[in-house]
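Novice: These are the residues of each chain, in order.
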Amino acid sequence: MAKTKEKIRATALEIGTDGVAVLTLNTPGKLNVLSPAVFEELNERFEELARDSAVKGLVIESGKKGSFVAGADITHLATIKDAIAGAHMSSQAQEVFGKLDDLPFPTVVAIDGVCLGGGLELALACSYRLISDSPATQLGLPEVQIGLIPGAGGTQRLPRLIGFTESLELILTGKKVRPRKAFKLGLADELVPAQLLGERARKAVLELANRSGLAWERQEGRQKALTTRLAESYGVRSAIYSKAKADLKEKTGGHYPAPLHALEAVRFALRSELKDGLAEEARLFGLAAVTEESKSLIHLFKTTTELKGDNGLPEGSKAEAKPVTNAAVIGGGLMGSGITTVLTDVGTRVRVKDISEETLGGTYRYLDRYLSRKVKRKHYREFDRAVRLGRVTATTEYNGFAHTPITIEAVFEDLALKHRVISEVEANFGPDTIFASNTSSLPIAEIAKGAKRPELVIGMHFFSPVEKMPLVEVITHEGTADWVTATTVELAKKMKKHAIVVRDGAGFYTSRILAALINEAVRCLYDGATIESIDRAMEGFGFPVGPMKLMDEVGLGVAAKVMKIMTNAFPQRFQAPEGWEDILDGRQGKAGGLGFYRYNGKSKTPDRSIYKMLPAAERRTLSSDEIVERCVFAFLNECTLCLQEEILRNPRDGDIGAVFGLGFPPFLGGPFLHIDRLGAKAVVDTLQKLSDRHGERFQPATILVERAKSDEKFFV
Amino acid sequence: MSKESTKKPRKTNSSTATTSKTKDEPKGDRVVVIDGVRTPFVRAYTDFAEMTALDLSRIVTSELMARAGIDPKEVDEVIMGTVLPSPHAPNLARETVLATDLPKSIPGFTLGRACASSAQSVISAAEGILRGEYDVVIAGGAESMSNVPVPYSKNVIDSLMTLSKAKSFPAKMKALSGINLESLLPTPPAIAESATGKTMGQHAEMMARINNITREEQDEFTVRSHQNAAKAREDGKTKEEVMTVYPSPKFKPVSEDSFVRADTTVERLAGLKPVFDRTYGTLTAGNSSGLTDGAAVVLLMRESKAKELGLKPLAAVTQWSTTALDPDDQLLLGPALCVPEILEAAGLSLEEIDLIDIHEAFAAQVLAVVKSLESPDFAKKYLGRDEVVGTVDREKLNVNGGSVSLGHPFGATGARMVIGMAKELQRRQADKALLALCAAGGMGTALLLERI
Chain A
1 MAKTKEKIRA TALEIGTDGV AVLTLNTPGK LNVLSPAVFE ELNERFEELA
51 RDSAVKGLVI ESGKKGSFVA GADITHLATI KDAIAGAHMS SQAQEVFGKL
101 DDLPFPTVVA IDGVCLGGGL ELALACSYRL ISDSPATQLG LPEVQIGLIP
151 GAGGTQRLPR LIGFTESLEL ILTGKKVRPR KAFKLGLADE LVPAQLLGER
201 ARKAVLELAN RSGLAWERQE GRQKALTTRL AESYGVRSAI YSKAKADLKE
251 KTGGHYPAPL HALEAVRFAL RSELKDGLAE EARLFGLAAV TEESKSLIHL
301 FKTTTELKGD NGLPEGSKAE AKPVTNAAVI GGGLMGSGIT TVLTDVGTRV
351 RVKDISEETL GGTYRYLDRY LSRKVKRKHY REFDRAVRLG RVTATTEYNG
401 FAHTPITIEA VFEDLALKHR VISEVEANFG PDTIFASNTS SLPIAEIAKG
451 AKRPELVIGM HFFSPVEKMP LVEVITHEGT ADWVTATTVE LAKKMKKHAI
501 VVRDGAGFYT SRILAALINE AVRCLYDGAT IESIDRAMEG FGFPVGPMKL
551 MDEVGLGVAA KVMKIMTNAF PQRFQAPEGW EDILDGRQGK AGGLGFYRYN
601 GKSKTPDRSI YKMLPAAERR TLSSDEIVER CVFAFLNECT LCLQEEILRN
651 PRDGDIGAVF GLGFPPFLGG PFLHIDRLGA KAVVDTLQKL SDRHGERFQP
701 ATILVERAKS DEKFFV
Chain B
1 MSKESTKKPR KTNSSTATTS KTKDEPKGDR VVVIDGVRTP FVRAYTDFAE
51 MTALDLSRIV TSELMARAGI DPKEVDEVIM GTVLPSPHAP NLARETVLAT
101 DLPKSIPGFT LGRACASSAQ SVISAAEGIL RGEYDVVIAG GAESMSNVPV
151 PYSKNVIDSL MTLSKAKSFP AKMKALSGIN LESLLPTPPA IAESATGKTM
201 GQHAEMMARI NNITREEQDE FTVRSHQNAA KAREDGKTKE EVMTVYPSPK
251 FKPVSEDSFV RADTTVERLA GLKPVFDRTY GTLTAGNSSG LTDGAAVVLL
301 MRESKAKELG LKPLAAVTQW STTALDPDDQ LLLGPALCVP EILEAAGLSL
351 EEIDLIDIHE AFAAQVLAVV KSLESPDFAK KYLGRDEVVG TVDREKLNVN
401 GGSVSLGHPF GATGARMVIG MAKELQRRQA DKALLALCAA GGMGTALLLE
451 RI
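One line per chain: the protein sequences are A and B, in this order. Each residue of the first sequence is one higher than the one before, counting from 1 in the numbering used here. Each residue of the second sequence is one higher than the one before, counting from 1 in the numbering used here.
Hint data in this document are derived by calculation from the structure and do not stem from the laboratory. Relax, there's no trap hidden among the hints.
Within a straight-line C-alpha distance of at most 30 Å, the following computed DSSO-like cross-link-like pairs (lysine-lysine) qualify:
(1) A:308 with A:175
(2) A:374 with B:250
(3) B:104 with A:65
(4) A:376 with A:176
(5) B:252 with A:374
(6) B:104 with A:496
(7) B:250 with A:602
(8) A:64 with A:494
(9) B:104 with A:322
(10) B:104 with A:30
(11) B:250 with A:378
(12) A:374 with B:104
Next up, chain B with everything else stripped away, as it sits in the complex (with noise of 0.2 Å):
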């Protein structure tokens, strides 16, 4: 396993890993996914209203710890995501470590790569490991919309800073001044793009209309993912996944998705009104993923260590790769550039893969990626070929439901799935899962996982 042998070519646009078509790659050196663990994920305001982020993620890290029942010692490195970021735990993963019964000689990062965080938490630790730097890893990330930071307008603080600063009593009027009764409105965070002015939903919005998608088409695919989701958790698979959690200060068990709705129809969607374009909009409440609070996390290793500690992997994460376009374009198209990447690294056809898993911000985003993947005009003009990427079979699209049906906590939804596709193939005995996100700013993250 020496360094020089996980030294990959790379493609020069891109970011793709090449790793596991290399002939002399020695066997046993690959990035294994052993167990994971998700908190379920809850509506915000609701359940986990008095947990924070860090709450979430160090309880989710203990339940992993237990469950993996390896040696905390034997943990190299602690790797979270989040996309609002509290100021009270900005290093989400340093406080994790600090919080758990972890050694303290674990560092832990914390990124960020909007919706994709906790996916890139997983490359993270892939490419450390394949690096050599290390062979345990506890990648994931956590979310808390209950507790994001509102924080006072800059007209505000200003004057509080000059107050703080100010000696004399009339100095200190001339300081608080500044300050009148709407300024003490708090700002909350911009959930617009800031190179667009336009809010997520106008831009999945603008992709519905692009690509031709209905609201029929929206409504149909959200009950699909609702009953996927619905069958999952009848099958007892999201029980094997999802821990109970106690949430502090009443400590009452909680043990299941909130979003998710066995019985919901299109009919029954067809009754909400559209919230990003009242007049001419087809985007609903019912058919975006909603505001929620969760934390997953997922234990990496190299596979010889694995095999070391006696633990039997759940599959290997073996390519990778981030694109990005411009958020004037098609924002959250990113998963459509990112996948032919994957295929063409990993020389295989969309229709060699198993098991697809796109994360579901909104539906009309989902089936924009869906129709890009098969369309010519997408092939050539934003990949440069005349061949579509390849045709995206339903029946493995999504299988145990997505964002718009499980819920979203935006740090938490890439190692959701990743735990959910690594035991899924175990399931269905099945090779081969491509996961992909879109995310923020343009950017889109795909993953390839192999069962062991």
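Next up, chain A with everything else stripped away, as it sits in the complex (with noise of 0.2 Å):
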């Protein structure tokens, strides 16, 4: 007979006759998740179980299928008020799983599903680990991707687990490894089938008790491998710190300090005792939760997570959306062959239209590019690739529509050319199908005025590389009826991009805001800064490319298209400064060779033949800062006209909307998230300085004044 303890909220506890003790996680919620207060359960089990002297061993698995542990409560994290806080909840931490590795026998935890953070932490305090052979499962510290380090153990029991080099790359980036990795990496003592685990782990724990003295103690038994060895050697390890150093400030730009603090505890772990070290993670641990950069990314993380649960609606509406198991797409170019890409990786079979079969063969091919390097990385087997190739279906006629829920058009952006592809649709759809635009400016309203039905016309705004670029921007007009954007923000979903909605008008949102910054980066070349300064610049704030180089990747064509729309619904703003059609003329951009930069093979340079034509032909220097504070107050106040004007829904979308879809630095959190913590009053200030001194187009939005008023934050 079994002795049954009383159930706790987040863990039960069940020890056999045969001395075995199981440990079942299973916290509120979908995922286990570690909380405060599930920490103090845990620690509750682990010193009764070191009481009981009829306990053989311990085994730990989850009571949900096919998921251990996703990690530590980020809210909790969150209110970390400063260091010291954040190094003493660290230490509670370390605790618990401290009297987890000390108890008197054996501990296997068995592993199936996602394994992460707080979750490895504890598998790391176990003598023995098991997990199992299924795709859900994944073990890593992803601490640093929301700017912390792993602060219960990992940094120290991981190196001495599988090695330093080894345990650097986990926690450094954070990623996660399949169980055949981790196995091979010594993560795993064993690779058992997922029906296997539980009865497994009860008869491993056996077997670990009765062998005999304490040889399941110290996982040290397991002789690393000869290279492993001699990368902990001090001169090699003193070597690899550097490099590890080094790439990392090129690779953060010196903007993520969390990686650097992971970096510092791992070297310490393999030069002290393990309660030395773990002191010294705790440090680093609440000097990394207090910094600004981990602030910001858990902003993220929790505004994407809220976002999730939205179905885009207005409050009130009870409108559903339609099941999407097969759509089509219009225009097989490279924003066709990207949505292409993505719809048929998550399921959705894809009937593909364009005029010529020549593109159509380029969009196979890229979808066959993005398939080959995941077969090549072992994701994907060749059947995996075989499937989604076989989802595609491509046409140059009008057959096969019928029964055709959504179309997503992604031809080129031209009014009259999309007018016509929404008759053709009409004609061979059927009376339902929702009509998505992939436009990045064309008004969704003007677009709608070609069509029958309007209410079925959306906006659905991609990034380029659809399959990597992480947003959707998704567009309503007036008469858009909200089955069809509950049905467009579903598809987003599944797609899993973040889908803000947004309301219709010039340049939407993401659009209008970058283009507020072009023109503003524009103004600074007319005023005579060099073109590499200003990518300088910008990148030294922390955008992945500077605006020079972003045009001339976007091609100068539709960036002048775009400036013209925003010109003509802005003038006061965005007002093109004189001669900016003559540099344009002539200048594709990149893929035309030309572009503000000289592009040839691999390399480019600067045009400098572009300054003669400037009013300034000299070039002065502008300071980065100076280029940075106008470029960047232009955008943050474009950000709130957005929200002043209801395109934004409310400043989570904005903040989202810029980090994911035009890569706004994640360490600052956001725009909306950058004016708070600069104060309202502070950006007014600035906005009106830089209005006296270049121009009415920087006058702060009226709801940037009155926030500098009433000291109110768009993020409580």
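Reconstruct the complex from the two isolated chains, following the hints.
Specialist: Rendered as structure tokens:
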């Protein structure tokens, strides 16, 4: 007879007659998450187990099928006030896992499904790790991705288990490893078929318990590979450390301190006792936890999680999304290919229509390149590739579209062309087919004017390359039916994108705020800044690509088109300076070999001949700070104008759109969080100053002025 | 639609099913062709060289489903024919289900009736529908002659098996000693009839001699086949049934059958050397069908189901028959035997048929079949009757070309013919099309399609 102890909220403990205790994790909610309350409960469990002399061994497993532990409770991490409090929180968690580590019998953890952050740290404190071979099983320490470092022993126990270099690879990038790799790394002692995991864990713990002495106690029994041992010798270790540090600085541009903190912690692990190492880890965790970067990244994590639960509809609307198992994509070019690739990857059948069979061949090649990379990395098998390729059919004629719930149009940005496509769709598709236009700037209401049923027309603005960029801007015009919005948002989510719903208007949200930034960058150029200094300044601020380079990449034709739309809508802010069109004449951008830069194979040089065409023919040095101030404040102001005009539903969508669509620095959390940090008053003052100096276009948005007075923030 | 009503009296000496003539047959219980599509038929080792039969079959099935626009859940069964199955996907139909977005609950089976395989797929689908087992079936076939499995010799396989079991080094060496360089040469699959030891071309050559078919007759027939195929292409007919395929790894569009030569002439064909009998022969690469890659599928339904789904069928499959004769006799004469069976069952004369489509393995074989149908000697000897089967109006015969001009992917030709004739009946607003195929082993299969 097993004696069952009373059940507490997050865990269950059962001790069998054979002396095997089984601790089952089952925290409230869909995933197991480690909150302070759960730690407290674990603490009690471990103390209780330590006192129980009948226990011969412990098995820890999840009560949630296919999911072990997703990590620590993020909401709680966000409340950390200062470095001392952060370090304290870390030491408390360490202490609990320390009690697990110190249990006087073997502890076996059975991992099936995600095992991340605190979950892996818990596993590391056990004496024996089993992982299932399920594809859902993934192990990792992703703390750096939210600006933190593992704070429950991870930086200390992982290098002791798998070695210095290998643990750096995991901790500094936060990447997840699949079962086979985890086993190879030594992260797991056994790789077990998922169906046998529980049974094997109970057997393994008894086997360990019955071994003579304390053979199970320290995992150093496993001989580390020669290369691993070599890497841990002092000289090599120092070299690796210096190299890693330099690489990190280069990669993060100094904007993300967490990986550097993690690097310090891991280095410490190899030259000190566990106890001292843990103390250092806690100290560094405290430092990381209070950085702005961490708070920004947690802000993004929280807001995107919240967005996942948002159906994009106005309050009170009861419209429901229609199921989408197949879709049509019209236009097989770059965007159409990217959209097709993501759709087929998430299991949606796609029929692609283009006027050219050559282009359609290109669509398949684009998809196949994506799939080949996956096959090469062993994420997919050949069969997966065949299935995904097979979901895509292609046609140059309008046939086979009668039963298509949604069509995504990705033809050239030309209103007349889009109207023609709409009427073709109306003639060849079912009467209820949603027409989602992947336009980056044409007003949706204008596109809908060509439709017999404008309620079916919506904007679905993807970003290039579609398979990498995580944002979709869903644009509703006044007449868009709610069920159309719901269905489009649901499809975007199925495509694993952050879907923000914005109101129709010139440039919507993302193109509009980007235009504001680019417009100011061009004015800096007119005022004498060099092309490369503008790009360098903005990249220094944290944008992945400078505005001049970006224009070249997008294509100057497209950029000019967008600017024209913006100028027509908001002449006082977007009026291009004189002679602008002459400069663009004959420049296509990167694709044509000449834009703001001259492209020669892989190298590029700024095209200085532009300067002769400018009023300030002499280049003078605008400081980086000046360029950044002008461009960023024009950008921030435009963001708040979008909120003021209700293009945006809320600041949350504004932050997500800017970060995931345009690469606004994630370490700042988004334009609205950035304004909160700077203080509305300071922002208004700066805008006023810029307005006095450079013109009306910097006039601060009314809601900013109001907030400056009331000292109200966008996020509480 | 009771199951009883679908049980039809069968003639004892054949598998002819008589379905349409029974008076008490409830309307709407026929088997109908909704649509069909095929890949271009492409010379082996060219554009589709990297595509397996499974690739071809899943591509064409996905296209059919997209065109038909029906919910994949409606499909009850997938039946595929193939003549040389790949060891990697022996049940082509099941693999096709798994590799497309068809529900995994559709089983799928693969059958072999040599060159009549996909005709048999259609027949098996029809039988299942009449039995009440299915409402909706995808039937067809695929063949990749570019990917024919070429096994090692038995000698090598035996040695490797011994090697894998050998424990000691000397034993391993001994096992390996069984392999010499010559035995490492793969053994290509036999194209000879096992019963006769002759290749199919040699059999066709024999049939040409028996029936007094000259080289000129064959070449003239060949030219006509190409001209008909070219005309069908020009008139846009081919495009209605052929999809564009984007074959990996380059994904360059392939939209046309590669064998069709609009400009071929009897003079030009006369320059070719005989291939099966180099001394006395009349069969050349020109007047024979070539090695081909391709796939074709047909969507079949119970007529009432089509109505329920609001689909407009092209034709009904109303009769079918398969016969066989001694391979030592005229191996490819099968069609001449099953055609009269169908006519008898349907109560029709050959003259009442609007379109006749005979698979062209060789021009000589088609001509032999036609001559036999018109011959009193044949009628007496093979059918035990005095009157000839009928006269084959050449204007009705293979109006859009045949395997000699279009190519012949073994497992796909029958389905290709069903699609082509179903659509042609609609185009001409004609009523009846008779299809017949010869197949290895002395078999013949025929089907009757009637326009709806």
